[in-house]
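Participant: Each chain, written out:
There are 2 protein chains.
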Amino acid sequence: MKTYKLEDGTKVFKYGNPIETEAVVAGKIKTKLENDLDIKFENGHCEISIKLSPKDAVYGLGGNLGGINKKGRLYESYCTDEPLHIEDRAKLYGAHNFFIISGKETIGYFIDFPTRIKYDAAYYNENYFNIEIYGQDFYIYIIEGKDEKEITSKFLKIIGRAYIPPKWAFGYFQSRWGYRNKDEVRKVYQNFRENGIPLEGIYLDLDYMDDFKDFTISEERFDDFKEFTAGLKEDGLYLVPIIDAGVKVEEGYSIYEEGIAGDHFCKDKEGKPYEGVVWPGKVHFPDFMKEETQTWFGLKYKVLTDCGIEGFWNDMNEPAIFYGGNALDEAIQYAEESKGKNLDVFSYFKLKDNFTNLANKDSYYQRFYHEIDGKRVSNDEVHNLYGYYMTKSANIGLSNLLKGKRFLLISRASSIGMHRYGGIWTGDNSSWWSHLEQNIKMLPSLNMCGFFYIGADTGGFGGNCNGELLTRWLQLSVFTPLLRNHSAIGCNNQEPYAFTKDVLINSRNLIKARYSLIPYIYSEYMKAVNHYTLMFKPLSFEFKENLAKEIEDQMLLGNELMIAPVCESNCSGRFVYFPEEMLEVSFLDEDMAISIKEKGIQYIEYGLEDLKFFIRKNSIFPYVKPSKNVKELNQENLKVLAYVDSEAVYELYDDDGESYEFTEGKSYSTKIKINKKIDDYEIIVDNDNPSIKNISFKIIDSNNNIEHKKISTY
Amino acid sequence: MKTYKLEDGTKVFKYGNPIETEAVVAGKIKTKLENDLDIKFENGHCEISIKLSPKDAVYGLGGNLGGINKKGRLYESYCTDEPLHIEDRAKLYGAHNFFIISGKETIGYFIDFPTRIKYDAAYYNENYFNIEIYGQDFYIYIIEGKDEKEITSKFLKIIGRAYIPPKWAFGYFQSRWGYRNKDEVRKVYQNFRENGIPLEGIYLDLDYMDDFKDFTISEERFDDFKEFTAGLKEDGLYLVPIIDAGVKVEEGYSIYEEGIAGDHFCKDKEGKPYEGVVWPGKVHFPDFMKEETQTWFGLKYKVLTDCGIEGFWNDMNEPAIFYGGNALDEAIQYAEESKGKNLDVFSYFKLKDNFTNLANKDSYYQRFYHEIDGKRVSNDEVHNLYGYYMTKSANIGLSNLLKGKRFLLISRASSIGMHRYGGIWTGDNSSWWSHLEQNIKMLPSLNMCGFFYIGADTGGFGGNCNGELLTRWLQLSVFTPLLRNHSAIGCNNQEPYAFTKDVLINSRNLIKARYSLIPYIYSEYMKAVNHYTLMFKPLSFEFKENLAKEIEDQMLLGNELMIAPVCESNCSGRFVYFPEEMLEVSFLDEDMAISIKEKGIQYIEYGLEDLKFFIRKNSIFPYVKPSKNVKELNQENLKVLAYVDSEAVYELYDDDGESYEFTEGKSYSTKIKINKKIDDYEIIVDNDNPSIKNISFKIIDSNNNIEHKKISTY
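Those sequence lines, one after another, are chains W and S.
Going by our numbering, the first residue of the first sequence is number 37, and it counts up by one from there.
Going by our numbering, the first residue of the second sequence is number 37, and it counts up by one from there.
Extracted from the complex, chain W is given alone in its bound form (with noise of 0.2 angstroms):
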């Protein structure tokens, strides 16, 4: 064991000879120390046990099922295709491993280690949390600060800043398992068009590809495809195609023929390329560990970004496998002995079973290899990885094709440090109300993790939704950078216009709502990458009653706004609770209703038709007509709804949304300022932004008095 004292004071505890795994890219070291830690070994695996009081919280642990205090519940960091959520499930696409121990003392660890670790947080016993780390080589970073929010910067700054998409890819997306050819997807784009929905693009699944096969475009189903890409560019809309981990065995398929000829497949433990089975049949796996893979596979995103294609998804890559090995085998001759006998229903079980979990079963990890540094390394031992080098390799091979663009990146699979090259998304949920509210709980925790690009799969994936809880889900999504309405193939139809009248009509006002809000969200969202601070908080982060702690279903999004949708069938609003004074906005196509709420709680009317937030004291908010995309977002005349009872300022943030050249400070700042004088409000701007030339001032104060001003910037 070593240890060492970074920079900003975190503790670094190295254990064995860890396998790097690229998480931590800052924080030098700086010292030396001779501390330890209070853990155990034994056969192989480590255990930390840490005491709770009964008032502590667990925050953080990313894109797992539960609260966004983690106590009560079992997690498992093992990147696995979930397809069904249910609520006592450990483990899901990602491994997120930084947590927060919240109480007297406030203690923030992260586990870098790129395989299974398991944790009870206080759910077998609720005096301890409980960790069971798989190995006995890996670091521990032990972070300190004076709250949630110091521990969280520090940990943002030394894993590095999260990826940053184009603004376009702040519009709304419409997806489905299941747009088999141009003229479904046409008729889509058509739909939204003539019910004048905005729409910035569409998802495609694996429906566009020829027999399920990477980088490969149906010449049945999607002929032509630069063209038809093109044509739907023009009209302002972008395709978002998906890539999938597994490449399909077939002679003649140039992937497959390259992946082989330069030695790119992870192989089996006689050395030759592994065969698991996924969508096409038989797949061999990138070893995206090796660099010349990442490379290699990284350019063949030029297949489609030659299609004018400027986003993608990468899907499967946990990686998921449907079965491997002999498992099938084994399970076809179990079937084959139990033929014509009278089984026992032990027997019976075995051989259902057999057949039930042949997916993504350990075993298969064990047997594959990834080659690191000349070394042959089982997949189980570097686990968490793959979904993070996959998307590192497809940001490598964006950013070369696409030469200082910026590229819409996402990515179902993750561990920390996939952040900085890609989003995500939630993964696979179902139509469900509870995925709703789980939804809202998942989303300051993945920041904490360092995810920032993020949204789950409005409407939901899996099963069958309704109006209700598409619009209610809405109401959540349109404050999520990604915005993604997605459907499995089997399914209902999802979109706004698939249900009745109304439900279009409401889902209309909410994406309407959603372009208005667009220059809020994007300036949140690069202010709180660009300064490793969060963009969705707890309510225990900012307030300290206990309510603030208990209340999971609310949250607050920057410094400005709290949000609490609606998670239930059958409401015409919520219970809400109101940690200080905040202004009630009921957002409805630009138009609003807003009304002072006292500090307490109330049950607040919240029906489908409007978007409902709502604004803290001394806080500004701007917002801007609605627009059919991204690119013809008018900020020209900016609105503001402050709610100012002595000073207030906000920078919004812009820039050309496009390149990396924000890097180099050319972005744009319109400061504001709101001092309350004794009848008046003074207002101070200072603007650099070009693109805004006036903003109208709607300036309430706690009487309720109400002011309107309009000022020239530029």
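Quick caveat, the hints were computed from the structure, so don't treat them as lab data.
Hints should not be assumed to be uniformly reliable.
Because identical chains cannot be distinguished in the list, a pair is counted as satisfied if it fits within a single copy or across any two copies.
[Stated by the list, open to error] Using 27 angstroms as the maximum straight-line C-alpha spacing, the simulated DSS-like pairs for lysine-lysine come out as follows:
| no. | residue 1 | residue 2 |
| --- | --- | --- |
| 1 | 377 | 308 |
| 2 | 397 | 375 |
| 3 | 386 | 397 |
| 4 | 318 | 702 |
| 5 | 377 | 303 |
| 6 | 87 | 537 |
| 7 | 633 | 580 |
| 8 | 745 | 729 |
| 9 | 386 | 318 |
| 10 | 375 | 386 |
| 11 | 537 | 91 |
| 12 | 377 | 305 |
| 13 | 375 | 305 |
| 14 | 745 | 709 |
| 15 | 563 | 64 |
| 16 | 746 | 713 |
| 17 | 76 | 537 |
| 18 | 140 | 76 |
| 19 | 537 | 154 |
Position chain S against the provided structure of chain W, taking the given hints into account.
Facilitator: Okay, now just chain S, sitting in the frame of chain W:
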């Protein structure tokens, strides 16, 4: 179509030639009518579409998942063994086709039909409640009344009085699939006694049987069962064994041989006894629709009543079928044919799904037959009656065997009508917080459909419960007539002593509180059943504010109490909506803290260590000292907590708790009336219950004046 009017005004619409279900037993037909309903027949199905206004609510539908207001979901009445109660599951164990549309007009509907009905309660289109009846022969009852309560009462009357269990059935029961032998059962009992936790009895799951065979007792694990049972009973402990629907096919097994000899089993289309596979391997299903079979099977319980058993649970009586016909052979055949092939993904899914979906296929139920009035009728056509007739059979047998002594009898599958013969548990739920919340919502809906002796598997059947969830669940379950903690084999132990010391202490407090409440719970049970009123009422049945309609995690128990359990982890309390001023009671081992809560919304502290409920104004709540079981409950010194501003009355019902003499008027009544005078209370007690000698009163008014009084009553 023929239309009649019952004496209570209920309209009966008869379509085609319905199979008589025995659901409706009273309400003599009075007059013929000429009305018709607006329904459509197509392809042998019937479709009914009811237009809904946005504010309409739908109540009823019994043991389905979803809210108290059934809008916004899909339901299916087709009794099914469903182990995974996820949010979008449409069908479970019961078929409870009574519902009320409540709005401008409030009307009750009962569809008397023994097989599949599907409901789309404003799911795909928020403006319609669509019903699809899978047939053309059925009755529809349309029940009018001034409100939901009156309509429900009328319905409860025509379906006949609910089952009355013995008073001991209101105690606390421990259960687990996996108490493998007498020693393990004895150990459970000892643990309860050593820890001072009241215990009424222990449920025995399949473990006690010899090789899953009904009416056998394992010689190896439960030898000398009669002696064992007697010994426990002497200590005041009841055993409640399980009985499954399927009878093992095994030469030499007497039940099987008698069944064959007596022609008691359902037939396949060739007229041979139908073979399905369940726990014992191949089984035949008794044709409970035949009266001779009912009598035959019912009297088989004698094997166990002769050992002193007085309670049973009928399981797997949807009936559940792991596989039947040649479905398994076909799956194996397909597997053989797949051997060695490079399967495309769809062939692979088919191979896998063949095994995964073997259980409870529709085709099984279409391929076995009952004999009704000498005619062959497929199980599919009368599917929802199987649990009903099995439980009727048990009831007939036990009534005969136990000669006027009441017995505990619950069933998993049920349809309306079965409520007269036994209670139900709500099936194989999971250790999920959402299932605790679901439990609340199911209770009033079940009451509306006639089921009063009801309760969920406290702590959850599947999955691993923890101490917090068990404690929170007990805080609800101590109010339900059936109080059973039950868990599945392979899950962690779930007895109150299986967690930490705090969990033990808190559970003990709560179970003791249950015993303190039994006089009230028993009284409310008997009054509800005898007067055809609800024991558990939605708030909206009493209060007309919009919030009363939307708050579904609170309900009324009797006319006196409101309960509001905590259904989330990590909470020190919850929001409670008070539709009127109420008295908050924190009940701890007969000691209590009280405080007045005004109308409105408040955050109520609710820890794990006590039981919280709310007493309505001008209400009287009686309780006693806790005891270790029902037999030892001592009512000599009855206590009363009353919250009185003007006048309050309560009638405490009691009887011998074990015979049916109450039907002949042999019951006790303790009428308590409290009048608030200017500076005193007038108390009038009219008591004919010899076990109650004194009553100690604690009376509080809205001004927080507390009075103590003691009265001798007998």
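Participant: All hints, please: hold or fail.
Facilitator: A quick look at each hint next to the structure:
1. 377 x 308: Close across copies (20 angstroms), not inside one copy (38 angstroms); limit 27 angstroms.
2. 397 x 375: both (25 angstroms within a copy, 20 angstroms between copies)
3. 386 x 397: Result: close both inside a copy and across copies, 15 angstroms intra and 19 angstroms inter.
4. 318 x 702: neither (48 angstroms within a copy, 76 angstroms between copies)
5. 377 x 303: between (39 angstroms within a copy, 22 angstroms between copies)
6. 87 x 537: between (55 angstroms within a copy, 16 angstroms between copies)
7. 633 x 580: both (19 angstroms within a copy, 25 angstroms between copies)
8. 745 x 729: For residue 745 and residue 729, only the intra-copy Cα distance (14 angstroms) is at most 27 angstroms; the inter-copy one is 78 angstroms.
9. 386 x 318: both (25 angstroms within a copy, 17 angstroms between copies)
10. 375 x 386: both (14 angstroms within a copy, 19 angstroms between copies)
11. 537 x 91: Between copies only: 18 angstroms across chains, 48 angstroms inside a chain, cut-off 27 angstroms.
12. 377 x 305: between (36 angstroms within a copy, 23 angstroms between copies)
13. 375 x 305: Result: close only across copies, 24 angstroms inter versus 33 angstroms intra.
14. 745 x 709: Answer is within: at 13 angstroms inside a copy they meet the 27 angstroms cutoff, but 67 angstroms across does not.
15. 563 x 64: within (24 angstroms within a copy, 75 angstroms between copies)
16. 746 x 713: within (17 angstroms within a copy, 67 angstroms between copies)
17. 76 x 537: between (61 angstroms within a copy, 25 angstroms between copies)
18. 140 x 76: within (25 angstroms within a copy, 67 angstroms between copies)
19. 537 x 154: between (47 angstroms within a copy, 25 angstroms between copies)
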